[in-house]
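Trainee: So you can see what is in the structure, the chains are spelled out below.
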Amino acid sequence: MMNDLDKKIINCLQDGIPLIDEPYAEIAKQLNINETELLQRIKTLLENKTLSRFGPMYDAAKLGGDFSLVAIKVPETRFNEVTEIVNSYEEVAHNYHREHEFNMWYVLATETAQRIEEVNNSIEERTGLKVYNMPKLDEYYIGLKLIA
Amino acid sequence: MNKPQLKKEQFILDDINRQIITATQSGLPLVSRPYDAIAERIGVDANEVISRMKTMQENGIIRRIAAVPNHYALGYKGNGMSVWDVPSELVNKLGEQVGALDFVSHCYHRPRFLPEWPYNLFAMVHAHNRDEALLLVEKIADVLGEYDRGHDVLFSKQILKKTGMRLL
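Top to bottom, those sequences are chains E and X. If you count by the working numbering, then the first sequence holds residues 4 to 151, one letter each, in order. If you count by the working numbering, then the second sequence holds residues 229 to 396, one letter each, in order.
All the given hints hold, so there is nothing to weed out.
Derived pair list, reagent style EDC-like, types lysine to aspartate or glutamate, alpha-carbon separation capped at 16 Å:
1) E:Lys65 x X:Glu286
2) X:Lys367 x X:Glu324
3) X:Lys389 x E:Glu94
4) X:Lys385 x E:Glu79
5) X:Lys390 x E:Glu94
6) X:Lys282 x E:Asp24
7) E:Lys133 x E:Glu121
Computed, partial: chain X to chain E, Cβ under 7 Å:
8) Thr252
9) Leu256
10) Leu258
11) Ile278
12) Lys282
13) Arg291
14) Ile293
15) Ala294
16) Ala295
17) Val296
18) Cys335
19) Arg338
20) Phe341
21) Lys385
22) Lys390
23) Thr391
By construction, these hints were calculated from the structure, which means they are not laboratory data. The structure displayed is predicted, hence computed values, not measured ones. From the three backbone atoms N, C-alpha and C, an ideal C-beta is built for every residue, glycine too.
Modelling step: build the complete structure from the supplied sequences, incorporating the hints.
Mentor: Listed below in structure tokens is the structure:
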């Protein structure tokens, strides 16, 4: 379980650490602990999956490739069948079942913009359902501090 | 906001940058001098690694170097996608205001599909439970005021697929 120090560490590390030779020593100083203890705690928090990851957060879209969020209105009776079809594409990175008439939401990550269209057309053809392609037009914020 | 010193176009994804990204996309080494460890692995100087990563940060390729907590492990079980119909000409201004709220994790402008899908602004909210998430949605509604011409919240029922996105 998390103790108060773990919570402080989680809250602090979400803000980001400086790009310097010895970043952990700097953070440990702010938290009034020593560097070895900080490193050990981060390792434990990663091992027990309290933290999903720790490191540079890259903006994948800026490294080339293309992304989109796509919605489908899937009749509940066909949900499993359609899930199987959609999930079969390696370009489908995430797929969520949401409570709404638009009940399937998947994220496409492809190497080219053209491939987004190809995968969507193929899904439309195989399922007979209309896909609603909703790529981001602008991004206002990414990142969130979850207070531990 | 400070303007980046270098334009995005000036970033070149050369072999060393590729190697830095590959070496760090699963995480920063948990050793006292992490950039020395990366430098050693790819056979360059640690200063070179730091300076290249600084350039990536200035270009927005690295958003920040930080921890990503597992929502569920921290007790955040009410995760909803709130969607909003706001006037197109104000979407950027309103998006900035909503994105600035401390409980919103992602905020995007996306296309409408009229008449079935009137929503053009998406904001993910994270709370300990659904009721708390709905209160946060009401706070967004307060921020948008008269420009909230309709909204909805889509809670996730099940994760059907989730793969780590490989960057390179």
